[in-house]
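Enquirer: Turn these sequences into a full structure, and let the hints guide you.
Keeping their order, the protein sequence lines are chains V and H. With this note's numbering, the residue at position 434 of the first sequence is 1108, and numbering never jumps. With this note's numbering, the residue at position 168 of the second sequence is 204, and numbering never jumps.
Please note: incorrect hints may appear among the correct ones.
[Said to hold, decoys possible] No more than 16 Å apart at the CA atoms, straight line, and that leaves these computed lysine to aspartate or glutamate pairs for EDC-like:
id	chain 1	residue 1	chain 2	residue 2
1	V	Lys881	V	Glu855
2	H	Lys43	H	Glu80
3	H	Lys291	H	Asp252
4	H	Lys43	V	Asp1059
5	V	Lys994	V	Glu932
6	H	Lys43	V	Asp1058
Don't read these hints as lab results, they were simulated from the structure.
Residues per chain are reported as follows:
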Amino acid sequence: MSDAVLDRLAVRFAELLPAGAVITDPVRLRTYECDGLTLHRAMPGIVVLPETAEQVAAVVRLCGEYDVPFVARGSGTGLSGGALPRTDGVLIVTSRMRRILEIDMPNRRAVVEPGVTNLAITEAVREQGYYYAPDPSSQQVCSIGGNVAENAGGAHCLKYGFTVNHILGLEIVTPDGEIVELSALDPGYDLLGAFVGSEGTLGIATKITVRLSRAPEAVTTLLAAFGSIEGGGAAVSAIIAAGIVPAAIEMMDALAVEAAEAAVGCAYPEGAGAVLIVELDGPRAEVEHQFTAVERICRETGAFEIRVAASTEERAAIWKGRKSAFAAVGRISPAYIVQDGVVPRTALPEVLAGIDRLQEEYGIRVANVFHAGDGNLHPLVLFDDAAPGEGERAATVSGRILDLCIEHGGSITGEHGVGVDKSRYMPKMFTEEDLDTMQLVRCAFDPRSLSNPGKVFPTPRLCGEVPGVRKGVHPLVESGRAEQF
Amino acid sequence: MDPELIKDCVHCGFCLPTCPTYVLWGEEMDSPRGRIHLMAQHVEGTPVTPEMAGHFDACLGCMACVTACPSGVRYDRLIEQTRAVVEREHVRAPGERAIRELVFTLFPYRRRLRALRLPMRLATRLRPFLERVHPSLGAMAELVPPPARPVRLPPRVHAVGRRRATVGMLVGCVQSQFFPQVNAATARVLALEGCDVVIPPRQGCCGALSLHSGRDARRFATRTIETFERAGVEAVVVNVAGCGSSMKEYAEVLKDEPGGWAERAAALRVRDLAEYLVELGPVAPRHPLPVIVAYHDACHLAHAQGVRSQPRELLRAIPGLELREIAESAVCCGSAGTYNLFQPGPARDLGDRKARHVLATRADVLVSANPGCSMQIAAAMRRSGEGGMRVAHTAEVLDASLRGLGARALGGR
Chain V
675 MSDAVLDRLA VRFAELLPAG AVITDPVRLR TYECDGLTLH RAMPGIVVLP ETAEQVAAVV
735 RLCGEYDVPF VARGSGTGLS GGALPRTDGV LIVTSRMRRI LEIDMPNRRA VVEPGVTNLA
795 ITEAVREQGY YYAPDPSSQQ VCSIGGNVAE NAGGAHCLKY GFTVNHILGL EIVTPDGEIV
855 ELSALDPGYD LLGAFVGSEG TLGIATKITV RLSRAPEAVT TLLAAFGSIE GGGAAVSAII
915 AAGIVPAAIE MMDALAVEAA EAAVGCAYPE GAGAVLIVEL DGPRAEVEHQ FTAVERICRE
975 TGAFEIRVAA STEERAAIWK GRKSAFAAVG RISPAYIVQD GVVPRTALPE VLAGIDRLQE
1035 EYGIRVANVF HAGDGNLHPL VLFDDAAPGE GERAATVSGR ILDLCIEHGG SITGEHGVGV
1095 DKSRYMPKMF TEEDLDTMQL VRCAFDPRSL SNPGKVFPTP RLCGEVPGVR KGVHPLVESG
1155 RAEQF
Chain H
37 MDPELIKDCV HCGFCLPTCP TYVLWGEEMD SPRGRIHLMA QHVEGTPVTP EMAGHFDACL
97 GCMACVTACP SGVRYDRLIE QTRAVVEREH VRAPGERAIR ELVFTLFPYR RRLRALRLPM
157 RLATRLRPFL ERVHPSLGAM AELVPPPARP VRLPPRVHAV GRRRATVGML VGCVQSQFFP
217 QVNAATARVL ALEGCDVVIP PRQGCCGALS LHSGRDARRF ATRTIETFER AGVEAVVVNV
277 AGCGSSMKEY AEVLKDEPGG WAERAAALRV RDLAEYLVEL GPVAPRHPLP VIVAYHDACH
337 LAHAQGVRSQ PRELLRAIPG LELREIAESA VCCGSAGTYN LFQPGPARDL GDRKARHVLA
397 TRADVLVSAN PGCSMQIAAA MRRSGEGGMR VAHTAEVLDA SLRGLGARAL GGR
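Expert: Now the structure itself:
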């Protein structure tokens, strides 16, 4: 894309948007060069900060008119590079769209703009005894629009499900600039389900109707310290086998605990090879009953110390260590890669042993944090970016961890998304036919591949076979195999 | 801008929602993460452009991001270093330069401030005129509280009852000129709690204004250290959040200064008033004070010094007093030292936001432990037209309880 086109586009944007909503100064543009994953960087061609859905739609239409790709970004906390800008494109940032438009308590739902943070929704309804259930660790900052794009998870998704289970409706701007509403109540194909987790490739959500959940009557949080990861893993399996579905089961290994300790002084038990956080919630009687069982299981599987949070403050203290773990690793290592993979719970011990072998083989340390209940691993691969070759070795280890996940019947991402970072692993999980089929869905929404191109899929196929932007009607559309949404 | 400190930032974004300018404008380059990115650009060779300087100037230095950061990034250090670079490399517009010179030659000097008392009385009436000359002058005029009766403090206030400690007291430049009654209350409370209070009459500015603006604060720091060394005290008690936080940084400020200054700085036990009173433990009886209080966290107390629980603990211990929390308590009110003078626009927006949250508590009294915040929020409440709220310092509330004066003693301003 030539600079002249971007220049003309910037002028057109300035006519549409409020003053200060179009950024073209290179120094400013560069601050948007990456999201939470700093490994991939690209200075956006233009950044726009729209305030309404109509403005987003107008920006998208202009992008279409000039054949310029666009990428949506919320708070920029994603960990797969999903919001990595295009140097030849426009970055549409929703951080000024942060109004809570409606709180409908009788129907237990709220309508919010995409830039509203995940936690802000809970804060708005907490006094009435409700909350928004999915809780990514970055919930205080990550935007609900980003959550929708990535189908974000969180510690409590084991019991309550992912973002997709809590979105009742969406207003989206389609890649050709139309404002469309999708609802969970729509008969026919579940387009809402297709959109959630589409990582910005099917359009931009501009209004989000979320489900509000009733805060549980009782919550008990227990922290158990084990000598080894195996002990903790055995406890997790036994808890699930006992028919208990805790609100969350989180595990951290010794290295992750060390980092959290350095960062927030969480004072977890000393000498623990693994720390397990189990949270039970629901009706008081049920929670009490389950708590007794969980405590017994933890003791039987070798927990040497068990702590129970007696107050909201103590619960927050237990969670603080876990929720700050990723960033906390910055205290014990100059650089690190946050990995996100899934394995069947039963394969946890083998996969962890495999990760141990990788550590030895490459001389790279790996800290493990995971949503143990659903087998979602977050290995943190530590390295020193100043040491020659270490970054490459860390990247190799990180990739081989994903291989381990796939070998054991798991997945390359649990909740962080594919983005730009993992698109190259997609062919390891899916056949060409699978990927082609996914492309058909994408083409139905975005036949010109303008909406967040280069993400999720390894190489352009079908509607994007020819790298770059296709002009005119797509062959698939022409042949009637795909229809523009 | 120390590259090592910049590297600590892992770009997680946890600082974003706590940053007042990000809250206002929602743009990356006016967030701590974005500003650190700008610092990195500068380290890599990008000169300080006017745009870049603008984003650094827009930072309030409230340090809410330091509290929020899980990676322990020393943004406080970084922004101080950055401001010094901006001062060196960025040429400001003449009007802006003049206003800055005016503030820095006036505020750190108590005698010069005193000379302003009379013209200040006219400030309200002169405001429209001043506003036209320069928005900063208009902001200054709006902030000036009604004149307070001057209070002459003795060089030493003796402990009531058995002496438990001998402490020094910093009177503060702005505090002593605009809120002399707070200093009087502080000395009385300390004395009632068993402290001999030494108040060196010739103490100068602690250097906070300079330090937080990227100017050289070393002379102010060494003078203040000498003053309190001579006073022979166990601790220096400070009732101004901004001053306390900069005095706690002396060792860092003077680390390259020959003459063992860093060690002497470290030896100076600087404590915020509330922090000190909780460490000391109460002995004076508390009389009932039936009043609803909203407590405001001054950034330089909560974020810079980590003093949050102590003032609340002291207030809650007063019989009959009900303490209410202010929504968004971690977000700055926009005062931020000289910020409301140099950046009147965003300061005003933040002040209005804070005033809304304060008024929503429906408390009788707003308690704030920083004169800048008190003036800023009081002005914003006046502006809101929704009727004000009395504003008092923690020391004044304690003083009223310890002396059994009743709620009416908390004079409104």
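Enquirer: What are the numbers of the hints the structure violates, in ascending order?
Expert: Hint check: nothing fails, all pass.
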